[in-house]
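Undergrad: Please construct the entire structure, taking both the sequences and the accompanying hints into account.
The listed protein sequences correspond, in order, to chains Y and W. Numbered continuously in the numbering used here, the first sequence closes out at residue 309. Numbered continuously in the numbering used here, the second sequence closes out at residue 1210.
Treat the hints with care, since some could be wrong.
Straight-line alpha carbon distances no greater than 20 Å define the calculated EDC-like cross-link-like pairs of lysine to aspartate or glutamate that follow [to be verified]:
(1) W/Lys1098 / Y/Glu282
(2) W/Lys1206 / Y/Glu282
(3) W/Lys1206 / W/Asp1104
These aren't lab readings, by the way, just hints derived from the structure by calculation.
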Amino acid sequence: MALQSLDILRRSATPTPTPQARNPQEVAKLIDTTVCIGCKACQVACSEWNELRAEVGTCVGVYDNPTDLSSQAWTVMRFNEVEEKGKLEWLIRKDGCMHCADPGCLKACPSPGAIVQFKNGIVDFHQENCIGCGYCISGCPFNVPRLSPADSKAYKCNLCSDRVAVGQEPACVKTCPTGAIQFGSKEDMIEVAQTRITDLQSRGYDQAGLYDPAGVGGTHVMYVLHHADKPTLYSGLPDNPSISAVVGVWKGMLKPLATLGVAAAGLFGFFHYITVGPNRAEDEDEADHGTPPAPPAQGTKHKERENAL
Amino acid sequence: MKTSEKLIQRYCAAERINHWIVAVCFVLLAISGLAFFYPAFFWLTGVFGTPQLARIVHPFVGVVMFLAFARQFFRYAHHNLINKEDVKWMMSVREVMKGNEVGDIGRYNGGQKGMFWVMVLCMILLLVSGVIAWRPYFAGYFPIPIIRVALLVHAASALVLIASIIVHVYAALWVQGTIRAMVEGVVTHAWARKHHPRWFRQVTGKETGH
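TA: Rendered as structure tokens:
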């Protein structure tokens, strides 16, 4: 089995359990927005390592370029200017897949094995199984997956699962010049974050905190935020993300309900037929009624056929 | 042995072709749709060759079904307005299930009319939600929360339609002589007199006796 160190925890559209024997430790990427300078080296490293080439865009008046994630841009820097406590702040966030512990994309995906969650926490798309339905896009609470216009397959950051499998850090981590992106076991990253948060709080950012949202079971990409009480300041990072209730009903309750309904219709028919029996029209002789055949009513089709039998 | 039987034309050739276009589309759509809905049935995407092809072809077949059904809607809507006799039929459905006819039924009975309107509703919901969720052409124009609702509505209305069609098919099998109406286009006088007496009088100008 290839990439054993990435043993699969969950597989899309697969109701039976995956191999459970091995238990590699969970990893996490920690992005410290308070240290990020917005240089976009991570974007370049991602594009280099994954052989992606987003179209060269145009300046739209802000630093965002590309302006959005795409099948060729798995991470983008998002820049936002806000006024907090009468002070202008330039909040920069590296956007991309959060690698949720409870991934909405995987829950929504109808194709077996098109999305897998490794035991180390990485959520990866296997494009050879992708059918291009875009359900993952609807399932994701962070608006991350993107359909490629070239091949109609969904793409997103895979936390460099190929590098992690052989003991390396993701390309963006490797290249970050300020150390704003770190990588290690999830446990270690939480500890690193705590040190940073304590430091930030002592320097006036009393709302500094870790973004590891419980609504999606925690994430394997975490942020240190100066304003952890207002994640939306960071270009719309959701306050309390979770898999949409609509997706929950669609992929949850509706299935047993539908099975029940369709089975009930089928079983009713079967048992009705073998108990009540067919509904036959008695082959009554016209003569019994003593009424001679009348001419067909106006505007209706009427015919009599000789039966060859 | 009977050598001849009296027949009434119920569906003309165009109506039958129209019906079977809808039916074939429905079967293909139900099979591939169930494959997208139930992981254990994903292999049913093979009905269109490969899973990717199933995803590509499914919505186009859906549009064909909708258009063909729309033609049927305009053929039959005026026959499916629910009247007092139909309400009586619906209230006595238990008696009907025992094989006893209830009410002076015209071209369609209360059950058939109810089925017609359920199908109309499902078809509209399926088309609208299907277009909203259709990638790569249309979904991009809608916000994600709307697409989520569309996907739920699409699955739910498809399953209501599938259950309804099972009832529709069973009813046609149960009431013997009905399949012939949609295959050969004709029904016997006995069939019409028993199941649709008012319609029988209308097309033959006869009293039903009894």
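Undergrad: Hint by hint, say whether it matches the structure.
TA: Checked hints:
no.: 1; hint: W/Lys1098 / Y/Glu282; verdict: 16 Å, holds
no.: 2; hint: W/Lys1206 / Y/Glu282; verdict: 18 Å, holds
no.: 3; hint: W/Lys1206 / W/Asp1104; verdict: 14 Å, holds
Violated hints for the displayed structure: none, as all numbered hints are satisfied.
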